[in-house]
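Colleague: Sequence:
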Amino acid sequence: MDQKLVAVLQTVGSLSRQQATTALAGAFVAVGARRHAVRAARNGFSAILAHARNGTPQLIGHKPMGMTILVSLSDLVDMVQAAAKKQSFGEALDAEGFRPVFGKKIAVRPGLPPEPLVRRRIKEANSE
272 MDQKLVAVLQ TVGSLSRQQA TTALAGAFVA VGARRHAVRA ARNGFSAILA
322 HARNGTPQLI GHKPMGMTIL VSLSDLVDMV QAAAKKQSFG EALDAEGFRP
372 VFGKKIAVRP GLPPEPLVRR RIKEANSE
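With the sequence shown counted from 1, adding 271 to any position gets you my numbering.
The set of hints was computed from the structure by calculation and includes no laboratory data. Glycine included, each C-beta is placed from N, C-alpha and C at the ideal position. Just to be clear, a hint being listed does not mean it is correct.
[Said to hold, decoys possible] Simulated restraints, written as ranges between beta carbons of each label pair:
1. 395 - 363: 25 to 33 Å
2. 386 - 355: 51 to 59 Å
3. 361 - 383: 32 to 40 Å
4. 391 - 368: 47 to 55 Å
Start from the sequences, fold in the hints, and give me the full structure.
Modeller: What follows is the structure in structure tokens.
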């Protein structure tokens, strides 16, 4: 399962319906889903179904709000399990493509010298 698709699936709950639909359509296209016009899908349905069974999601339609996704049941189970799984901070960094920089040292200049701790004495009004 592609990590970017998993990241989108986990964030869909906090998006509006329009934003979620657009994000999911973009995520499926990014993982290699093929897009088909409705007429082309109707004419070549057996080939499209074979691709879906082999693990490649198929998108039917052009507008995200009217689009249909053809996915095998095993792929759907993988998606649901991945979206339901809690993600650690490191996994989230990996999903976004974060790579640490190796070999470069960060120059840190010394800060200001700390002020010495001094106990301040309060003058009492009666002692004057």
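Colleague: All hints, please: hold or fail.
Modeller: Structure-based check of all given hints:
1. Roughly 58 Å separates the CB atoms of residue 395 and residue 363, a value that falls outside the hinted 25 to 33 Å.
2. A hinted range of 51 to 59 Å holds for the C-beta pair residue 386 and residue 355, which are about 53 Å apart.
3. In this structure the hint that residue 361 and residue 383 lie 32 to 40 Å apart at CB holds, the actual value being about 35 Å.
4. At roughly 53 Å, the beta carbons of residue 391 and residue 368 sit within the given window of 47 to 55 Å.
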